[in-house]
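Enquirer: Got chain A; can you put chain B on it based on the hints?
Residue numbers (the numbering used here), protein chains in the order written: chain A, 1 to 688; chain B, 1 to 688.
Heads up, a few of these hints could be off.
Copies of the same chain look alike in the list, so a pair counts if it fits in one copy or across any two.
What the hints assert, rightly or not - Derived pair list, reagent style BS3-like, types lysine-lysine, alpha-carbon separation capped at 25 Å: (1) LYS194 with LYS646; (2) LYS250 with LYS496; (3) LYS58 with LYS628; (4) LYS640 with LYS444; (5) LYS29 with LYS117; (6) LYS194 with LYS555; (7) LYS117 with LYS297; (8) LYS355 with LYS632; (9) LYS632 with LYS194; (10) LYS562 with LYS546; (11) LYS194 with LYS562; (12) LYS444 with LYS194; (13) LYS355 with LYS297; (14) LYS194 with LYS117; (15) LYS628 with LYS117.
Simulated from the structure, these hints should not be mistaken for laboratory data.
2 protein chains.
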Amino acid sequence: MTSSEFLISPIIAGAVGLVVALFFYFRVKSQPEGNETMNRIAGYIREGAMAFLVREYKVLAIYAVVVGAALAYALGALAAASFILGAFLSLLAGFFGMKAATFANVRTTQAASTGSKSNALKVALDGGAVMGLAVAGLGLIGLGGLFWYFHADSSVGIVLHSFAVGASSIALFARIGGGIYTKAADVGADIAGKVIEGIPEDDPRNPGVIADNVGDNVGDVAGMGADIYESMVAAIVSAMAIALTIPQEKMAGILTDGTDPVMQRAASVILPLVLSALGMIISVIVIFVARAFSGAKPATVLRTSLMIPPILLTAAAAAFLPMWGISQGVTVALAAGAFGGALIGLITEYYTAAKPIRIVAEANLTGPATGVIRGLAVGMESTAIPMIIVVIAAYIADQALGLYGIAMAAVGMLAGTAVVMTVDAYGPIADNAGGISEMSGLGKEVRAITDELDAVGNTTAAIGKGFAIGSAILTVLALFSAFNMEVNHTREMAGKAAMSLDLTSSGVLIGILLGSILPLLVGSTTMTAVGRAAGRIVQEIARQFKEIPGLLQGKAEPQPAKIVDIATSAALFEMILPGMIAVLAPVLVGFILGPQALAGMLAGALAVGATMSLFMANAGGAWDNAKKFIEKGGLPGHPKGSDAHKAAVVGDTVGDPFKDTSGPGIAILIKVMSVVSLLIATLIANIG
Amino acid sequence: MTSSEFLISPIIAGAVGLVVALFFYFRVKSQPEGNETMNRIAGYIREGAMAFLVREYKVLAIYAVVVGAALAYALGALAAASFILGAFLSLLAGFFGMKAATFANVRTTQAASTGSKSNALKVALDGGAVMGLAVAGLGLIGLGGLFWYFHADSSVGIVLHSFAVGASSIALFARIGGGIYTKAADVGADIAGKVIEGIPEDDPRNPGVIADNVGDNVGDVAGMGADIYESMVAAIVSAMAIALTIPQEKMAGILTDGTDPVMQRAASVILPLVLSALGMIISVIVIFVARAFSGAKPATVLRTSLMIPPILLTAAAAAFLPMWGISQGVTVALAAGAFGGALIGLITEYYTAAKPIRIVAEANLTGPATGVIRGLAVGMESTAIPMIIVVIAAYIADQALGLYGIAMAAVGMLAGTAVVMTVDAYGPIADNAGGISEMSGLGKEVRAITDELDAVGNTTAAIGKGFAIGSAILTVLALFSAFNMEVNHTREMAGKAAMSLDLTSSGVLIGILLGSILPLLVGSTTMTAVGRAAGRIVQEIARQFKEIPGLLQGKAEPQPAKIVDIATSAALFEMILPGMIAVLAPVLVGFILGPQALAGMLAGALAVGATMSLFMANAGGAWDNAKKFIEKGGLPGHPKGSDAHKAAVVGDTVGDPFKDTSGPGIAILIKVMSVVSLLIATLIANIG
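Only chain A is shown next, with the shape it has when bound in the complex:
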């Protein structure tokens, strides 16, 4: 390819992704949508989800105006515009994906009601693919477009960083707000319905069930989408930033045909975009192949889809890079990340599905306390291997290409973003499909199909979550390096010596200790938020059961909109404090204590944040699946409703905010802090 072809390739790949996304969108919409009851329920869910998005957008608009103005003041109008673009494209992907998901859920139920598991799987997958392709496509078009326009401009660094901060900001609020919403509604509906009134899950009499189903979309579709979008953007931007600012002598030798430093740097800068474009094309192929096999076992289809992209990516890189005169060292770094991500996903699955689940389930035989203790222990243990995998991947990539290699490993891990997100968004669609079938009273056979699809979704959700956190850690490592280079680059320009990042300097140590607090503060605030919001939902449900005559007898309609409204308000209000911690901590420490302490803070937050988010996500997954294991008869003599099962429900409830609010919230915290630090690097470089 020529250099202008390279420049345009991410935009083309992104456009391909969007066109395919549109195709799936209309395909989903064209499917039969079932009977009136189903449609009414699906309508509630869709309206609730959209109402949340609209109100969230209003809050985010205020945030965008404030931060945009600050950016315009500190870094110029271009930075502000790029920030807004990064945020806007994230919202667009979320909007589009959530619309598709809330069309796909009821159509999946309808397909299941005709008895075709294969069709139901296809509809749910198509719905998820809209989100997956939109996320990756808009990310590529945004970054590719900006780089195409500004690549020769000196402001290109600031433009890219600002775009990433826009993406991060939305991810932060969508993930935390969505996480609070989904778990407040889930916990609230469960406590009020299952525990207090003793009615089954997804019972149509429970006014909280709609909000629970809305929550799946708000948290696992929109929240997860924004999270993955930002990981992909941040990985690409960090690689580009390192390529732009790395000192000549440390530059990785990625060109095979010579050592012209200008060409070398130019190739290093564009390569992350080009390889992500390659990943996009591979993802589209994988999605179509997966659909073609929709007659196979759902679990096999989805798990295979997640494992294929690393293989194809490595093969494609190995084949194409030499043609472009690029060293195979790049293939090594990419493969280290891509396979590392897949491995982390499998390890996460092990800890939330295999032997550990049985151990946690059995611990519930002596009561909820021992069940909770075992789940915590499994979660803690589960952090080791993923961290070691990240270390090995980073080490291989570093050996191959230095710090730039670590960023390329992150790019490799996220090259299959569209597939990962497709499978992730599939989960809540299948979950919703089950809820709709239950609420519409479609009977056991339909429910059996949706239950199987849902169970597969739970497994793939675990894989996706491990993958998301793994890629976050690698991305943060890359961003961390990019931040330090940017600082030293700026200092060099000002004729100052490089910043000392010696571990024994007091600035670094102070930063590490301060940084170590932040993940726990975000964990604390998000868990408290879920508890508080769930409490309000329980009260409102209790009020409805008390004040609406005939509701418990099924003779009157509940008022789900009120619950949706409470969950929405609570989530939007409660996301502010943890969100502010993430955005303001690096700004305050950077401007008051300087870049040295900020670097330490990022390292401390990384150490604690990486382990805590893995711990919380996996402990939550383990409790959830231990409960399901008991429900499926895993402990003979202790069926659903037994004391052991009730004990397992306690663990599951503790795990709800662990795995879907705090764990992902902490992962995003460390990403946001790193991206914000990178953005302000030039402003604080000369402090201290």
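Expert: Below, chain B alone, put in the same frame as chain A:
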């Protein structure tokens, strides 16, 4: 004072402490020991505790021989001998203190049975003072003696480090083994007795109650004593090590009368010992004053005792140091540590006693899950202020005296060791006294007195725990600096450049990520160990209730020795894995990846370990006290036995291993890793 007077002062102060300890020991023994039933029960407890110690000593003897041989091979016979001495003195303090505690418990009950709260308080305090003074006294005599003998020898560094490794090893195993024992017995007895059979706490029919009371001694007397002993030793050794190896140009100006570098260094090396000796004398005074006020409210007496030493130490340092020609910068560093420690203790008390407890208690109104979630959130939140206090103390000390100042702050925080340990050991004595009064059927009025003493013990235990973790963090910071200096000192000798500890170097980053896993692995293995051991105890208790006719009716005697035996075997077996992680991780990483990665590993483990241990200890304390808050009628309409109370018991049980096994275990992990690293620093300095 002359220099030889300085040299001898720690030995004299240590001897004073030991003499006073002996005085208290015999005073306790001379108190009336009550009726036959009381004595029989106390005898069981004493025998159980001693049996544990003896069996633990056998296991530790094997460990000591293996490690001693390795040390003799790698660092010479002197290192091995010093290691053995450091370990032996720790065991001696533990043996002596535990004997005193198991004499004091029943005599406290007896004093309470005469209706004198003041006498009961005095006996319990005297019993605790034996442990407090033995710990500080033997530590001072050991270190002071070694330094007196070897101060002019070139091996002085290795001798001191080996002593610290001996102290650390015992602390590690005593704390983890003791922690597993105490919580396995506690949880096991509670589940089998309170939950399954429905009999009250400390009921004499429950065969596990004796083991539970043994556990208090094994964990909170012997385990805590070894922990504090090693903190004090490690703080002093790290300050001395920094003083011995710090490059000339970075040396703190601690002499007021000149800049003779040899004098300067000599004074810096001896000062930590001299100031600890001063702390010992102050502690003895405080203990006697506290006894004199035993008629006052127990809570006031104990809390005031903990807050006085920092004031006296600062005043004494400010008065004496100028006379010795030492700069007041030393006073500043000492005071920063001493007051920082007291503040952390108060913050810990807040989070485990005040408003947070009410919030956790109220969360139990909607079930155990919400109670557990709130406790976790409180624990996470509670890490922030203590960490910030450590940062501020370290910053002040660093400004005053550089890295040496940070070590002196740790010395200052631990100068009141004898008082802190006295108050800490008081707790389990009061707790035991309550248990003995219940098991002997002494009636409500006696129990009311022991209950009040026990409640105060719980509060001071929280203060002591916060203090122990705070001092651990500061000590690790100092050890970390000492390690790096030792490495660079060795490299300089070998003509090598100083090790690069740049945060962006791949070795450091890999180390940080690997280090971040270790606290969670120790957390996981210790919690699993407690769960497993408790399960075996529950089975044995159930067997006894089933197979011993008339036991439940109170017509037959239980077999407590079997439970004691199970708890002992389980604790000794289960402590091996977490213990090995702590000792081997730094050795493996140091020898395989080199000192750079090891430094990173220590930093990563510090960030995660400091926050995790605070989190776990405080969450556990919050659940414990929330349960007690409900039992005292804190939630009107929800008395003991209500659903809310049952929910709180779940949190309390989860909190048991959190606060008494895993939290302290993680704190000791980071200390042991740092001490081991310091010891092997010269061996690995030239790797990589």
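Enquirer: Next step is simple, just say for each hint if it's right about the structure.
Expert: Status of each hint after checking the structure:
no. : hint               : in the structure
1   : LYS194 with LYS646 : both (11 Å within a copy, 19 Å between copies)
2   : LYS250 with LYS496 : both (19 Å within a copy, 23 Å between copies)
3   : LYS58 with LYS628  : neither (38 Å within a copy, 45 Å between copies)
4   : LYS640 with LYS444 : within (17 Å within a copy, 43 Å between copies)
5   : LYS29 with LYS117  : within (19 Å within a copy, 79 Å between copies)
6   : LYS194 with LYS555 : within (19 Å within a copy, 44 Å between copies)
7   : LYS117 with LYS297 : within (9 Å within a copy, 73 Å between copies)
8   : LYS355 with LYS632 : within (15 Å within a copy, 42 Å between copies)
9   : LYS632 with LYS194 : within (18 Å within a copy, 30 Å between copies)
10  : LYS562 with LYS546 : within (15 Å within a copy, 54 Å between copies)
11  : LYS194 with LYS562 : within (19 Å within a copy, 43 Å between copies)
12  : LYS444 with LYS194 : within (20 Å within a copy, 42 Å between copies)
13  : LYS355 with LYS297 : within (22 Å within a copy, 53 Å between copies)
14  : LYS194 with LYS117 : neither (29 Å within a copy, 50 Å between copies)
15  : LYS628 with LYS117 : within (21 Å within a copy, 54 Å between copies)
Violation of the numbered hints given earlier is confined to hints 3, 14; the remaining hints are satisfied by the structure.
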